Structures are given as structure tokens and as C-alpha cells.
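Undergrad: Residues per chain, in single letters:
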Amino acid sequence: MRRAITGVLTAALLLAGIVAVRRATPDADAKYAPIASVGEMGEQVNTAAFQLRVDRVQLARSVRLEDAYGLLGQPKSTAGVWVVVWATVAATTEEVTVQGARLRTADGAEYLASSVSGTLDKTALAPGMPSYGPILFEVPPGRLAGAALEVTVHSVKSLDHLGPAAAVDLRLSGPYTKALIEQAPASLTVGPVRDL
Amino acid sequence: MNWKRDLWYGLGLLALVPAALAAQVLPWRERYETLAGKGGREAVAAHGQAARFNGIEWRLKSITEGRPQDPTARPLPPRTKVAIVVVGLRPLTEQASKWFGAMGGTCKIRVTDAAGRTWGPSIRGDLAPKSGLSPSCFNMDADFKLAPLPVGRELTVQTVYVVPADAFRTLRVEVRVAPEPGTVRLLP
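Note that the protein sequences, when read in sequence, are chains A and B. If you count the first sequence from 1, position 143 lands on 143 in this note's numbering, and the numbers rise without skipping. If you count the second sequence from 1, position 109 lands on 109 in this note's numbering, and the numbers rise without skipping.
These aren't lab readings, by the way, just hints derived from the structure by calculation. For clarity, every value in this text was computed on a predicted model and none was experimentally measured. Please note that the accuracy of each hint is not assured.
[What the hints assert, rightly or not] Label pairs and their calculated CB-CB ranges:
{"#": "1", "chain 1": "A", "residue 1": "A30", "chain 2": "B", "residue 2": "R74", "range": "41 to 49 angstroms"}
{"#": "2", "chain 1": "B", "residue 1": "T64", "chain 2": "A", "residue 2": "S117", "range": "33 to 41 angstroms"}
{"#": "3", "chain 1": "A", "residue 1": "N46", "chain 2": "B", "residue 2": "T156", "range": "37 to 45 angstroms"}
{"#": "4", "chain 1": "B", "residue 1": "S131", "chain 2": "A", "residue 2": "A148", "range": "26 to 34 angstroms"}
{"#": "5", "chain 1": "A", "residue 1": "N46", "chain 2": "B", "residue 2": "L26", "range": "39 to 47 angstroms"}
{"#": "6", "chain 1": "B", "residue 1": "A36", "chain 2": "A", "residue 2": "G108", "range": "47 to 55 angstroms"}
{"#": "7", "chain 1": "B", "residue 1": "E42", "chain 2": "A", "residue 2": "A20", "range": "47 to 55 angstroms"}
{"#": "8", "chain 1": "B", "residue 1": "A165", "chain 2": "A", "residue 2": "S117", "range": "27 to 35 angstroms"}
{"#": "9", "chain 1": "B", "residue 1": "F144", "chain 2": "A", "residue 2": "I181", "range": "52 to 60 angstroms"}
{"#": "10", "chain 1": "B", "residue 1": "E33", "chain 2": "A", "residue 2": "L112", "range": "44 to 52 angstroms"}
{"#": "11", "chain 1": "A", "residue 1": "S62", "chain 2": "B", "residue 2": "G101", "range": "34 to 42 angstroms"}
{"#": "12", "chain 1": "B", "residue 1": "T34", "chain 2": "A", "residue 2": "I181", "range": "18 to 26 angstroms"}
{"#": "13", "chain 1": "B", "residue 1": "L7", "chain 2": "A", "residue 2": "V156", "range": "47 to 55 angstroms"}
[Unchecked claim] A partial selection of chain A residues facing chain B, derived with a Cβ cut-off under 7 angstroms:
{"#": "14", "residue": "A90"}
{"#": "15", "residue": "T93"}
{"#": "16", "residue": "P127"}
{"#": "17", "residue": "M129"}
[Claimed, not checked] Calculated pairs, DSS-like style, for lysine-lysine (alpha carbon to alpha carbon, straight line, at most 30 angstroms):
{"#": "18", "chain 1": "B", "residue 1": "K4", "chain 2": "A", "residue 2": "K122"}
{"#": "19", "chain 1": "B", "residue 1": "K61", "chain 2": "B", "residue 2": "K4"}
{"#": "20", "chain 1": "A", "residue 1": "K31", "chain 2": "B", "residue 2": "K130"}
{"#": "21", "chain 1": "B", "residue 1": "K108", "chain 2": "B", "residue 2": "K98"}
{"#": "22", "chain 1": "A", "residue 1": "K76", "chain 2": "A", "residue 2": "K157"}
{"#": "23", "chain 1": "B", "residue 1": "K61", "chain 2": "B", "residue 2": "K98"}
{"#": "24", "chain 1": "B", "residue 1": "K81", "chain 2": "B", "residue 2": "K145"}
{"#": "25", "chain 1": "A", "residue 1": "K122", "chain 2": "B", "residue 2": "K98"}
{"#": "26", "chain 1": "B", "residue 1": "K145", "chain 2": "B", "residue 2": "K130"}
{"#": "27", "chain 1": "A", "residue 1": "K76", "chain 2": "A", "residue 2": "K178"}
{"#": "28", "chain 1": "A", "residue 1": "K122", "chain 2": "B", "residue 2": "K145"}
{"#": "29", "chain 1": "B", "residue 1": "K108", "chain 2": "B", "residue 2": "K61"}
{"#": "30", "chain 1": "B", "residue 1": "K130", "chain 2": "B", "residue 2": "K61"}
{"#": "31", "chain 1": "A", "residue 1": "K31", "chain 2": "A", "residue 2": "K122"}
{"#": "32", "chain 1": "B", "residue 1": "K4", "chain 2": "B", "residue 2": "K81"}
{"#": "33", "chain 1": "A", "residue 1": "K157", "chain 2": "B", "residue 2": "K61"}
{"#": "34", "chain 1": "A", "residue 1": "K157", "chain 2": "B", "residue 2": "K130"}
{"#": "35", "chain 1": "A", "residue 1": "K122", "chain 2": "A", "residue 2": "K157"}
Quick reminder that beta carbons are idealized off the backbone N, C-alpha and C, glycines included.
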């Protein structure tokens, strides 16, 4: 009788161990996720391929892009709200473009940067020549609180496997985000990317 | 004498495990390097010397500073210089001669500095005087069609780069050759 109980307990323990190991094992997405350097607003985040500093965040109901010659584009509206992230980026050793700029909301949803051209995420960056400019996102206002910026060098996620990445907390707390949305201007003029 | 037998097992494992790991990893590493534009054979030419690679003689002729030719053109980024690189290529074999006229026979000419930073050619056409030199490693005939470069004849290639001013002094040239992967390094 005792031997049977010992056998059952051992089997149960082994089973529990197997379940625990299976649960603890990361899935393919986690295994091959980009290697992220984490930082805060205003802080320089260093990755193997680029350095990033997020300087400020603006919200607007519509945006107009100004090019390097001071010419204004047509207003661009959105079903949500425009999030304009101003950042400085520099390539480290090779030319890169930080095409994989995403806003990850608190519920895990990801918003790839807008396809609007002339923004920082569409700019080729060379080592030793930092650029400052906007990255634009369209996000439903209700999902913005707690959002963080994630930046990689490819817009297609599978190309970023184990690649460099920067993750920056945008400090969008609930009350602060609510105030930002309420005060968001109907139209915001967004300047061009500048070489620093 | 069990320990002696165990010792042999242990030594066997010590040899087999790294060999098995190498057999698994090395082919992938090679594929990754090819995909990433690294790896393959290398040739280095010291100052004033020529390198021989894939039946071609590669020679760095000059790295000089350029200036925007049009005063109304977009200014250069702050604290940068224009580097004009001129490289001479001379096929030494029939196979190398054909490479200059082949669609797949290409090269990427980049500059690197002492810190290991690299820059690709600028697409701006106003950073150097018009030279009539080839912009890359291909040869064209009078009808602007790709054509083999006769053995012994030199093709002069000019490429232009915008680099940080502090990198200019230590620039060297790196040519990545395809389709058979390899790198030619030309030191000034």
C-alpha cells in the first residue's frame, strides 16, 4: 500500500514538474524577440545598431507636415488621435533606418508608425550623424494610457529576430493622458527631420 | 580500473560535444554571414599596393575631399565632410573580364574609419565635379550595354561619401564582391 502511494505521489510530482517546465518555456515569439534596451523619456537608450532619445510627445486631432523647405502639406485627419513622438536617433556603426517604430498599448496592442513619409522612422541614418524629428502614430484615444514606444530597424517583425531594439516608457499615466487628449489641438504643424 | 575507462569516456565526450556543436552551428553561421554581407575570402592591399582578388587587381587611387558644387543645393549635415574615392580595377583573367559585364557581378564600395564605422555611397550627384568615371564595378560599351572589360584594361570607379569630419582622416575602402562572397580592403 505504501509503495503504491509513493508511486502515485512521485508520478504526480513528475507530472507537475513537466507542466511547470512547459509553462515556463518561452514560446517562439519570446525566444526570438528583439534584444531590447529599456529606457525612459529624455534618457539615451543604447542598442547595438542605434542610439535613441525620446524628447517629447504631442497629441493632435489632425497634423500638417512641413518639409525642409518650409512648405506645408495637406492636413491629415485620423479616426483616433495623432501621437507625435519627437526623438533623436543616431546609427552606431552602420547605416540604419528605424523602420520598426511601434506604440505598444497597455493591453498589448501594437500600432506601427504611420506611413506618412518624411518622418524620422523613414530617414536613413548614418553613423556619427544624428537626426532629430517626429515619428507619427494613429491610436484610438481610449487605448493610449500606459503606451510605450518600441523601436527596431525593420517594419516586418520577423526580420528583427534577436535584433537590436529600444523600449521607452512614454510616461503616459491615465490622468496625464486624459489631460493631453482633452487639450489636443485640432491641427498641429509637424516640422521636418533635422540633421544635428 | 573503472576510473581509467571513465576517463576515456570523459575525453571522448569532451571531443564529441564540441564537434557536434560545430557541425550544427557552423553551416548556419556561414549562411548568416553570407546573408548579412559578411564572411567569404578577404584580400588586403596596403598603402600604395594593389590587391588581387577573383582574378582582378584592385588599387585605391585616391581619397580626396569634395565640396557641394551647387551653392543653392541642400547643405551638408553639420560637422561632416565629402570624401571622393577613386578605385582602379584591372581584370587579369578571362573569367574576371566577363564579371564586369555580368548582371550578377556586382560590388558594393564602402568606406570605414578607424573606429569601425561604415558609410555607403551618397546618392547626391552634386558633391563632386563631373568626372565621367564609372559609379560601380560594371563596364558599359558605346551603346550603354553591359560588356566584359578586356583583360589588362583598367576600369576607374569613383564613389562619393558624406562622413563625419572626425572620420575623414582615417578612412579606408572596403569592397564587398558578389556573387561569390568576398571582401577587398584597400588601405590609403
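Undergrad: It remains to establish, for every hint, whether it holds in the given structure.
TA: Quick rundown of the hints versus the structure:
The supplied range of 41 to 49 angstroms is met by A/A30 and B/R74, whose beta-carbon atoms lie about 44 angstroms from each other. Taking the beta carbon of each, B/T64 and A/S117 are about 34 angstroms apart, inside 33 to 41 angstroms as hinted. Between A/N46 and B/T156 the C-beta distance comes to about 41 angstroms, which sits within the given range of 37 to 45 angstroms. For B/S131 and A/A148, the Cβ-Cβ distance of about 50 angstroms falls outside the hinted range of 26 to 34 angstroms, so the restraint is violated.
Range check, A/N46 to B/L26: Cβ separation about 31 angstroms, and the 39 to 47 angstroms hint is violated. Taking 47 to 55 angstroms as the suggested C-beta distance range, the pair B/A36 and A/G108 does not conform, at roughly 31 angstroms. Distance hint for B/E42 and A/A20: a CB-CB separation of about 49 angstroms, consistent with the stated range 47 to 55 angstroms. In this structure the hint that B/A165 and A/S117 lie 27 to 35 angstroms apart at CB holds, the actual value being about 29 angstroms.
A C-beta distance of roughly 58 angstroms is found between B/F144 and A/I181, which places it inside the suggested range of 52 to 60 angstroms. Distance hint check: the CB atoms of B/E33 and A/L112 are about 30 angstroms apart, inconsistent with the given range 44 to 52 angstroms. One distance hint, 34 to 42 angstroms for the beta-carbon pair A/S62 and B/G101, is violated here, with the actual separation near 54 angstroms. Look at B/T34 against A/I181: about 49 angstroms separates their beta carbons, and that is not inside 18 to 26 angstroms.
Range check, B/L7 to A/V156: about 52 angstroms between beta-carbon atoms, so the 47 to 55 angstroms window is met. The beta carbon of A/A90 is not positioned within 7 angstroms of any beta carbon in chain B (closest approach about 11 angstroms), and the interface hint is therefore violated. With a cut of 7 angstroms, the hint placing A/T93 at the interface with chain B holds, because the nearest CB-to-CB distance is about 5 angstroms. Given the 7 angstroms rule on beta carbons, the hint for A/P127 holds: about 4 angstroms separates it from the nearest Cβ of chain B.
Taken as an interface hint, A/M129 checks out: its beta carbon lies about 5 angstroms from the nearest beta carbon of chain B, inside 7 angstroms. A hinted pair counts as satisfied when its Cα atoms are at most 30 angstroms apart, and B/K4 with A/K122 does not qualify at roughly 65 angstroms. A hinted pair counts as satisfied when its Cα atoms are at most 30 angstroms apart, and B/K61 with B/K4 does not qualify at roughly 65 angstroms. The suggested pairing of A/K31 with B/K130 is violated, with an alpha-carbon distance near 52 angstroms, which exceeds 30 angstroms.
Restraint check for B/K108 and B/K98: satisfied, since their Cα atoms lie roughly 18 angstroms apart, inside the 30 angstroms limit. With a C-alpha separation of about 27 angstroms, the suggested pair A/K76 and A/K157 falls inside the 30 angstroms cut-off, and the hint holds. At roughly 23 angstroms between alpha-carbon atoms, B/K61 and B/K98 fall within 30 angstroms of each other, so this suggested pair holds. With a C-alpha separation of about 34 angstroms, the suggested pair B/K81 and B/K145 falls outside the 30 angstroms cut-off, and the hint is violated.
Between the alpha carbons of A/K122 and B/K98 the distance comes to roughly 38 angstroms, so the proposed pair goes past 30 angstroms and is violated. At most 30 angstroms may separate the alpha-carbon atoms for a hinted pair to count; B/K145 and B/K130 meet this at roughly 21 angstroms. The suggested pairing of A/K76 with A/K178 holds, with an alpha-carbon distance near 22 angstroms, which does not exceed 30 angstroms. Note on A/K122 and B/K145: the hinted pairing is violated, with a Cα-Cα distance of about 34 angstroms set against a maximum of 30 angstroms.
Distance check on the hinted pair: B/K108 and B/K61 sit about 17 angstroms apart at the alpha-carbon level, within 30 angstroms; holds. Under the criterion of a C-alpha separation no larger than 30 angstroms, the hint pairing B/K130 with B/K61 is consistent with the structure, at around 17 angstroms. Between the alpha carbons of A/K31 and A/K122 the distance comes to roughly 28 angstroms, so the proposed pair stays at or under 30 angstroms and holds. The suggested pairing of B/K4 with B/K81 is violated, with an alpha-carbon distance near 68 angstroms, which exceeds 30 angstroms.
The straight-line distance between the Cα atoms of A/K157 and B/K61 is roughly 42 angstroms, outside the 30 angstroms bound, and the hint therefore fails. Of the pairs offered as hints, the one joining A/K157 and B/K130 is violated, with about 42 angstroms between alpha carbons and a cut-off of 30 angstroms exceeded. Taking the CA atoms of A/K122 and A/K157, the gap is about 16 angstroms. The hint holds against a cut of 30 angstroms.
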